[in-house]
Every structure is written in C-alpha cells, then in structure tokens.
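Q: Residue strings, one per chain:
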Amino acid sequence: MEFLLAKYNYWFYILIMMVGFYAMISKNNLVKKMIGVSIFQAAIILFYVSIGAKRGATIPIIEHGHDAVHHIDPTAYINPLPHVLMLTAIVVSVSTLGVALALISKIYAKYGTIEEDEINEQLTDV
Amino acid sequence: MSNLQAPILLVTIPLLAAFFAALGGMLHRKISFPIALIAIILSFHQSIIVLLKVVNDGVINYRIGGWMPPFGIEYVVDHLNAMVLVVITFVSLISIIYSKLIVERELPDKIPQFYTLYLLLTTGLLGITITGDAFNLYVLLEISALATYALLALGKDRALISTFNYLILGTIGASLYLLGVGHLYIATGSLNMADLFRILPSLSGNSAVMVGFILIIVGVWIKMAFFPAHGWLPNAYTYAPSSSICLIAPLMTKVSVYIMIRIMFSVFSAEFTFANIAWQTAVVWCSVIAIIGGSLQALAQRDFRKMLTFLVVAEVGYMVGGVWLANEIGISGAILHILNDALMTLCLFLVAGILIFKTQRHQLMDFRGMFRKMPVTMGAFIIGALSMIGVPPTCGFFSKWYLIQGAIEAGRWEFMAALIFSSLVNAVLFFRIIEIGHFQHETDSHDHAEEKISEAPAIMLIPLVVVAIALVVIGLYTNDIVTNVIQHAVPVL
Chain Y
1 MEFLLAKYNY
11 WFYILIMMVG
21 FYAMISKNNL
31 VKKMIGVSIF
41 QAAIILFYVS
51 IGAKRGATIP
61 IIEHGHDAVH
71 HIDPTAYINP
81 LPHVLMLTAI
91 VVSVSTLGVA
101 LALISKIYAK
111 YGTIEEDEIN
121 EQLTDV
Chain E
1 MSNLQAPILL
11 VTIPLLAAFF
21 AALGGMLHRK
31 ISFPIALIAI
41 ILSFHQSIIV
51 LLKVVNDGVI
61 NYRIGGWMPP
71 FGIEYVVDHL
81 NAMVLVVITF
91 VSLISIIYSK
101 LIVERELPDK
111 IPQFYTLYLL
121 LTTGLLGITI
131 TGDAFNLYVL
141 LEISALATYA
151 LLALGKDRAL
161 ISTFNYLILG
171 TIGASLYLLG
181 VGHLYIATGS
191 LNMADLFRIL
201 PSLSGNSAVM
211 VGFILIIVGV
221 WIKMAFFPAH
231 GWLPNAYTYA
241 PSSSICLIAP
251 LMTKVSVYIM
261 IRIMFSVFSA
271 EFTFANIAWQ
281 TAVVWCSVIA
291 IIGGSLQALA
301 QRDFRKMLTF
311 LVVAEVGYMV
321 GGVWLANEIG
331 ISGAILHILN
341 DALMTLCLFL
351 VAGILIFKTQ
361 RHQLMDFRGM
371 FRKMPVTMGA
381 FIIGALSMIG
391 VPPTCGFFSK
401 WYLIQGAIEA
411 GRWEFMAALI
421 FSSLVNAVLF
431 FRIIEIGHFQ
441 HETDSHDHAE
451 EKISEAPAIM
461 LIPLVVVAIA
471 LVVIGLYTND
481 IVTNVIQHAV
491 PVL
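Sequence lines, in order, name chains Y and E.
Counting along the first sequence from 1, when you hit position 80 you're at 80 in this note's numbering, and nothing is skipped either side.
Counting along the second sequence from 1, when you hit position 128 you're at 128 in this note's numbering, and nothing is skipped either side.
Quick caveat, the hints were computed from the structure, so don't treat them as lab data.
Some clues are possibly wrong.
Stated by the list, open to error - Some residues of chain E that are not near chain Y, with every Cβ distance over 12 angstroms (derived):
hint, residue
1, Asp157
2, Leu364
3, Val465
Unchecked claim - What follows is a set of in silico ranges between Cβ atoms, one per label pair, in the way DEER data are often shown:
hint, chain 1, residue 1, chain 2, residue 2, range
4, Y, Ala6, E, Asn56, 24 to 34 angstroms
5, E, Gly72, Y, Pro60, 16 to 26 angstroms
6, Y, Phe12, E, Phe19, 53 to 63 angstroms
7, E, Val55, Y, Phe3, 21 to 31 angstroms
8, E, Asn276, Y, Asn28, 37 to 47 angstroms
9, E, Trp279, Y, Tyr8, 41 to 51 angstroms
10, Y, Asn28, E, Ile214, 22 to 32 angstroms
We put the beta carbon where it would ideally sit given N, CA and C, even for glycine.
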C-alpha cells in the first residue's frame, strides 16, 4: 500500500495510458481510435508535469531576483523544465490530432464511413 | 571554438524555405519549385562543408544562441552524423529534381503544398540527425513524421487507410521515445546527450534508466519498421505517390537506424547496451526473421513497388542485426549500409517512379520489353539490382561483406545464413525482372499506345544515372569511406 501511495502519480499515468491504448487497439471507429491516441499522449504529458512537482514548493519565480545575487533554495521552487517541454509536446500532440482528423475526413469522403470494419469490407470487395 | 555557421544553416535553410515556398505558392504555383530546389542545393553545400570540416578537424559542437550545454540545445556533428547529413541532403536533392514532372502530373493543384511538406520533411530529418539534445530529437522526429503522413496520404487506392494506420503506430513509437526520455530525465536531470553519456554510467543498475532505454529503443524500432513492428510499412509505402516515396523510403528507416545507433552508443554506452541490457541474441534473431521474412514476402509479390517495400523491411533487419552483433566490424557494416542502402533504395524507387510515369502501372509484368524501350533506365536498374544482391564492385557488396565478417566474428551463423539467403532471394527477384524485361515482349493483344513508350525525359534520367554511378563509385571508394569516416564513428568495444 505504501508502495502504491508513494508513487501514485506514476500509477495514474499508467492507468490513463492504458485507457488510451485500449481505445487505440479495440475501437472500431477511427475518431475514437484517434481520441485513444490523444489520451495516450496526454498521459505522457501528465507524467512529465508530475515529475516537476515538489511538496510545499511554489512557482519558479524568484522573489526580488533582480535586486541582488542571493542564495536560492531549489526545494522551494518546482522544476519548470518538464512543464516547458510539455508545451512543445502539447503542440505536437495537437498537430498530430489535426493531421489525423484531416485524414479521417478524407477517408469519410472516399468511403462514406469511418468504421474500420466497413472500410475493410469495401476494400476486400474491390 | 570555431564560429562555423554551417550546422545551423543546414537545418534552417530548408525550414525557412518551407515558409517561403508556401507563401510564394500563393502568388504563383511555379515559384515553389525553384525556392525548394535552391534551398536544398544550399543545404547540400553546407552539409559537404560540415563533412569536410569533421573529417579534417574532428567533432563540431554548435551551441544554439550561445547557451552553454547542458542548459541550451547543442548541435553536435561527429563522423557518423556528418555522413548521414550528406546522405539526407543528397537524396533530397536527387529526388526533388527527379520528381518535378511527376508532381506536376500527380498533384497539379497542390504543388506549393507538396514542396512545403517536402522541405519540412527534409528539415525534420536533418534536425534529428544533427541535434545533440534528446528532447529536441523528439520534436524533430514528429515534424518529419507529420510531413510524412501528409505526403503519404496524397497517394491513391488504400493510401488513406494505410497512412492512418501508420500515423497511429508512428505516434505510439514517438510517444514511447518521449516516455523513455522522461525516465532518463528523472534519473539524470539532463536532456543533453553528451551530458547523459557522462552521468549514466554512475547509475548502472538503476531500473528507471533500464526502462528508459527499453522504451526508447522499442519506440525507435516501431518507427523504423523492425520486425515484429514492421506491419505498417509495406502498405503505407506501396500506395504513396511516387513523387514523395523517393524521399521517404530511402531516408525514414535509415534515419531511425541512426537514432538507434546514437542512443545506444552516444547516450548510453556500448558497455551498458551490450553488458547490462544484453539483448544481442534476441535482437539478432528478430533481424534474421526480418531478413528472411522480408525477402520471402518480396518474392511473393507481383507488384514492383510492393516488392521493394518488403526489401526495405529486410534491409532494416540487416542494419539492426549488424549493430547488435556487438563487434566493431558488424557496426561498421551497419553504418556503411545506412549510406549504401539509402542510395540503393533510392535507385530502385526512382526506376519504379519512371515506370509508373511512363506506363501508369507498376506490376512486374510491366517490365516487358523495357530494355528495348528504356535502355538507360534499365541500365541503372541493373546497377541498383546488382548492388541489392551484393555483387562487387557495387557498394551493396561491401557493406554485406562487413556484416558477414561481423557475423563470423560474433559467431552468429544464423545471421550470416540470413544474409546469404537474402542475397540469393534478391538475385532470383531481380533476375526474374531482368528476364521479363529482356526476353518477354508484348503479345499482339496489346494496343499500340504502349509501343510509343520511350526513354524518360532527361530531368528524370539524369538523377537516376547520377545515383547509379554513385553506387559504383561508393563501392570503389569504400576503403576510403571506412578509414576516413566510419572508423571514427564506431564505438570502441
């Protein structure tokens, strides 16, 4: 129990990731598959964001930092780097979703459906 | 610290040109091609400068914006990626000239968009290769992947569905890579590759580092279509438009192999990879299956393009297997094969593109009578085929020779057997086509339209001939390439 609670953020990200993975593999509808991919990516983003957090720490803006050079206690501030990285990762994830939705709308225009089994049926008929 | 600007120009020229190609395309659609061409020529020139500099003076470290690593992003060019950079810009240059007419015919109303995506893909690949930062690599990996999805989806038939499947798998691969980098970041607090390389040995046995390595390598394997994650590649590449496949097929898998080598030896160490992870047996067996399975599947195809895609799967097996033989000769062979295979694949896809351009078809039977109608194209095809089989003096022989020597040294007879088996299958494959082209002529049932097929226009032939000559020239100068470039890229084991 101690083991579960101490690292609960990791357990949650794995849980969310598996939800996304499940949707990606088992859903028949292409949009739902893509939502699965987004959940999968969101889980990784949460993982990164959570590793920057520290108990009792505040946002990383140094008070009176412009006045003089003084000692900075790193445990008083959360680590901003993972958050900054994730801004980029969010952009990547959004653009992936955008490209995928564009593809899906093309698929719909061509096959008249976005259910994978119905598309496969049409493909095998030809 | 020299103030050589070539490393950054190499990447930013195509990036900026992508913007101008899109903007200029709004004014007139014919403007995009010259912009793209000039950008790639300049980028090629810069990559040559970088390669010469590295060969003469050693590793280049370029600090973007003057920020000191590990805080800033650093571009690091050593012998390995200097070579890969030249390969990327060369392939990009060849196929942009070659595909001008194809684009005008295949995508007449999307010319500016095509060149924008083409430049972005080149930028992404160059950035992946040159960067010394693990997270920066992820971003550029996704830039090139997104451009690839858009380019592949322009194709016909099943292109949309197979691209969608590729998108899902490609995203999983890149996400696993990102997750792995996160694990390394937790353990080390750094994203700079050189910094990671320095810190990681003190953490051997740390399970987060192990999991990070596994996630990154598995992610990269999905991206490069290594067995058993190769399923997406044949369909995605078969239905792609021939204008973009000449850029994508030779480069995407090769750059992924480069990432794998970089992660194994420059982020982690050879010692960590081969002693702590110790997957050599399993990975070499997987590549044996990739080589044999890919070759057999290729043999079963009647479609020339689809046959080539299965050969790409087999060639990925060559390179991954060669690296995981865990000896210097095997790794040299794998690195040399990145160069050779990029050009061989390019040569064969260029031939396929000409065939489609001229006949609108790409079945093996469409080669009937082609030696008479297109002697130059088929001459280049024979050189590409001989290189794929591994006949000296074409370059394919030399990398295969290194790989076989590496297999013998490692005592991995199954890998050696797979290489020889694949050579034999390739010989059957290509001689079958040569036979069709030489000895079978159309029966009378065909209409006369086909008789008019003649040699392709010069703008397509010249790039093809250049690549065919390069295959032989690289073969003849293999020794120089190995002593000047590849020897320095191989880690000391």
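Q: For a quick check of understanding: which of the numbered hints are violated here, in increasing order?
A: 1, 4, 6, 7, 9
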